[in-house]
Each structure stands twice: as C-alpha cells, then as structure tokens.
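Student: What follows is each chain in one-letter form.
There are 2 protein chains.
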Amino acid sequence: MREEFDAALLEIGRLLVSMAEAVRTAMSQATDALIDADLALAEGVVARDAEVDTTYQEVERTVHQVLARQAPVASDLRTVVSALHIAGDIERMGDLATHVARTARRRHPAPALPQELVGVFRQMGNVADKLAGEMATVLSAPNAARAARMDDADDAMDALHRQLLQVVLGPGWPHGIEPAVDAALLGRFYERYADHAVNAGRHVVYLVTGAPAGPAAAAGPAPTAI
Amino acid sequence: MREEFDAALLEIGRLLVSMAEAVRTAMSQATDALIDADLALAEGVVARDAEVDTTYQEVERTVHQVLARQAPVASDLRTVVSALHIAGDIERMGDLATHVARTARRRHPAPALPQELVGVFRQMGNVADKLAGEMATVLSAPNAARAARMDDADDAMDALHRQLLQVVLGPGWPHGIEPAVDAALLGRFYERYADHAVNAGRHVVYLVTGAPAGPAAAAGPAPTAI
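These protein sequences, in sequence, are chains A and B. Each residue of the first sequence is one higher than the one before, counting from 1 in UniProt numbering. Each residue of the second sequence is one higher than the one before, counting from 1 in UniProt numbering.
Same shape as in the complex, but just chain A (with noise of 0.2 Å):
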C-alpha cells in the first residue's frame, strides 16, 4: 500500500517536472520567436501546447486513482491536492506561452515588437525562464527557503510590466495604437506566468512546510497600476 502510495507520488512528481520544463521552453521559444518574428517557432510553440494539456490530464487521472485507492491523510492528503493545484498552475502558463507565440504568428513577418521594447521583453523572458527553471527545480526537490525566493523574480517582472508600460504611454511613442495594445496585453502574458510560476512556488512550501498557500490565483495586484 505504502510503495504503491510512494511510486504514484515519484510518478506525479515527475509528470509535474516534466510540464515544468515543457512550459519553461515554450516561453523561451515564444519570446525568440516575438524578438525574431520567427514563424516557424511560434508554431511550434502553439502546436506543442497539446502535449502540456495531455500531461495535465495524466496528473489529474493519477490523482483521482490515488485518492481514491490510497484514501491518503495528512501531509500525504496534502501533496496529493497540492499536485493538483501546481498542475493547473503550469497548465496555465502553458497557455500564456501559446498566447505569446500567437501574437508574433498574427504579426508575422512583420516583428510584434518596435525595436525600442526589444530589451524590455528580452529581459520579462529571461525573469520567466528563471521563474520557471525554480519551479522545475522546487518540484525535483521541494525546498521552501528556494521556492519563498521566487517572490523576489516575481517583483522584477512587475517592475519590467511597469516599465513597459511606461515606454509605450510616453509621450516619445511614435508606433501608435496597436502595438501598444499588443505590447501591454503581452506584457499581461508575462506578468500572469510570473504569477503562477510563484502560486506554484507557494504550494511546495505548503508542502514542506503547512503553511497555508492562499488561493490559487491571488498573487499579484492588478498589471495596469501605472
């Protein structure tokens, strides 16, 4: 009873590693593919959001059976429910991802972004990739003192959003309407991976620690606070 518990956990824990890893190279190829207006990667990136969704289903199903064979309690009720909530944390962000990669695809071959907001976004995708290379590694190894810290990536990326926002509501923004309105939903898309990267920070230190993790998707005020 107890190995089959332990083994459906190792399997859980590594569907959750592995749409960790896919998510965080989704948006490290959508981002390239904003940066470069390059078609191909951001069909790919859409294309192979299917598998993330399909994997999610797995943790899902997997959860389902061990509730319901293992009837597990306390810190293992625990873990249990928490994959679940980490789950659709990442399915998420896998959609943000997608949702990046659309935007330079409806562009394309003209680039979604003014030259002027290249740097901005280069470095909301370096906070992303870091934000998700910590989760991957916090679910490896649950750790709350690392998982905690991933707050401090979460501000920088706000701070970015608010950069952003300001570059293309100054007065010298010469592109007009529409890719300004691109660029703030897309600094949306980051902004809100960022947010689920951290929830599902905050659900292995519930994990670790029984503290509670808050609901699911409260982290973050709202983006437009300019």
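Simulated from the structure, these hints should not be mistaken for laboratory data. Here a beta-carbon is modelled for each residue, glycine too, at the ideal position from N, C-alpha and C. Fair warning: there could be bad hints in the mix.
Stated by the list, open to error - DEER-style ranges, computed between Cβ atoms:
#, chain 1, residue 1, chain 2, residue 2, range
1, A, Asn-143, B, Ala-159, 41 to 49 Å
2, A, Arg-14, B, Ala-141, 37 to 45 Å
3, A, Ala-68, B, Ala-141, 21 to 29 Å
4, A, Ala-74, B, Thr-54, 20 to 28 Å
5, B, Ala-50, A, Ala-68, 33 to 41 Å
6, B, Ala-68, A, Thr-209, 15 to 23 Å
7, B, His-108, A, Thr-209, 25 to 33 Å
8, A, Glu-178, B, Ala-110, 21 to 29 Å
9, B, Gln-115, A, Arg-146, 32 to 40 Å
10, A, Arg-122, B, Glu-4, 53 to 61 Å
Stated by the list, open to error - If you want the footprint, here are the derived chain A segments under chain B, 3+ residues with CB under 8 Å:
#, region
11, 122-130
12, 158-171
13, 183-191
Based on the hints, put chain B in the right spot on chain A.
Tutor: Just chain B now, kept in the frame of chain A:
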C-alpha cells in the same frame, strides 16, 4: 458516515453558491463603477474581495477534511475534487472584478471609459452577469445541459471583445494610447471572467456526466486575435 459526507457536500455547495453570488455582484458593481466613475462603488468591490478569498479557503479546508475523514470514491470523489476546481475558478473571477474596479478607481474622477466604449462595456457587463448567474444556478441544481449552454454566452463575450478592439484600433479613435491600453486590458479581464465561469460550468457537466472537463483554464483563444 454517509450522513456526515452528505452534510459536508451540502456545506461545500452552499459555499460555492455564495462565492458565485459574491463575484456576480462584484463584477456588476465594478461595471457600474467603471461606467459611472463611481469611486465608492469601486472601493467597495476591492474591499469585499477578501470575503471571497476567505470562502475559497473554507472550501479548500472542507474538501481536505472530507477527503481525510471520508475517503470518498467514484462519483463522490469526483464531486469533491471538482468543488476545488470550481472554487478556484470563482476565486479568480473575484480577482478579475477587482481589476476592473481598480481601473475605475485609478482614473477617478475622470471616467476610465471614453463615451464610445460605454455601450460595449455595458454589454460585456451584462454577459458577465448572465454567466455568473447561470453558474450560481447550475451550482445550486447541477444540470449538464444548462451548464453546457454557458458556452454560447462565452461566444457572445468573445464577439464583444473583438468589437471593442475594432473600435480602439479603428481609424476614428481620437483618445490616444492610454485609454486604448486600458480598454484592451479591461476587455481581457471580462473575457477571462467569462472563461472561468464557463470552466466552472464544465466541471458541473463533468460532475453530472462523468465526461472530463479538460484543463482548468484552456477555454478561449488568445484574446488579441484581431
């Protein structure tokens, strides 16, 4: 044992319906605050979101208790796990209503919406209200056919969102960048609110029929497909 389980399910259902009603009121009031530049109303929406978060945590606690004490299986297990997903969706709807209210608050005493967008946001508010109302109804009395019809209202929301972007990006837009960016992000908040209501409805369909609801947040294409 069975009585205890049924009582817990009733309690969870009661909490979900009360959350659904709260986020319905929140979005309705946020829409009014946005259209009428009503600061007090906007403040009230932001302040009351904490109650939704608290109820979410109560659902989570009750679900954990039921899983630990009763070890439900089959459709009972499905019901309990679905409640967790549904609570997550509704909690997020509350967040999105506060994002709308915060936008109204930030622009006050100026109206956040130019006159030519009042009509489309009034309609988005109506569709949001209809979806939240349907969600509360199917949570009170699970009905798969009725929950499945929520997709139609979601299509209406997507159409309104496209209409909104056409106005903002059209040649006649005289208001410059900032109101355009605000409107695009506001449109996104309404669209996500509708997506989460539909997701909650899908979980009700799953409850009733056993057919999987799919990833929790996969509904809806990228909203910037204009």
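Student: Hint by hint, note whether the structure agrees.
Tutor: The hints, checked one at a time:
no.	hint	verdict
1	A:Asn-143 to B:Ala-159: 41 to 49 Å	holds, 47 Å
2	A:Arg-14 to B:Ala-141: 37 to 45 Å	holds, 40 Å
3	A:Ala-68 to B:Ala-141: 21 to 29 Å	holds, 26 Å
4	A:Ala-74 to B:Thr-54: 20 to 28 Å	holds, 24 Å
5	B:Ala-50 to A:Ala-68: 33 to 41 Å	holds, 35 Å
6	B:Ala-68 to A:Thr-209: 15 to 23 Å	holds, 19 Å
7	B:His-108 to A:Thr-209: 25 to 33 Å	violated, 41 Å
8	A:Glu-178 to B:Ala-110: 21 to 29 Å	holds, 24 Å
9	B:Gln-115 to A:Arg-146: 32 to 40 Å	violated, 51 Å
10	A:Arg-122 to B:Glu-4: 53 to 61 Å	holds, 56 Å
11	122-130	violated (count 0)
12	158-171	holds (count 3)
13	183-191	holds (count 3)
Of the numbered hints listed earlier, those contradicted by the structure are 7, 9 and 11.
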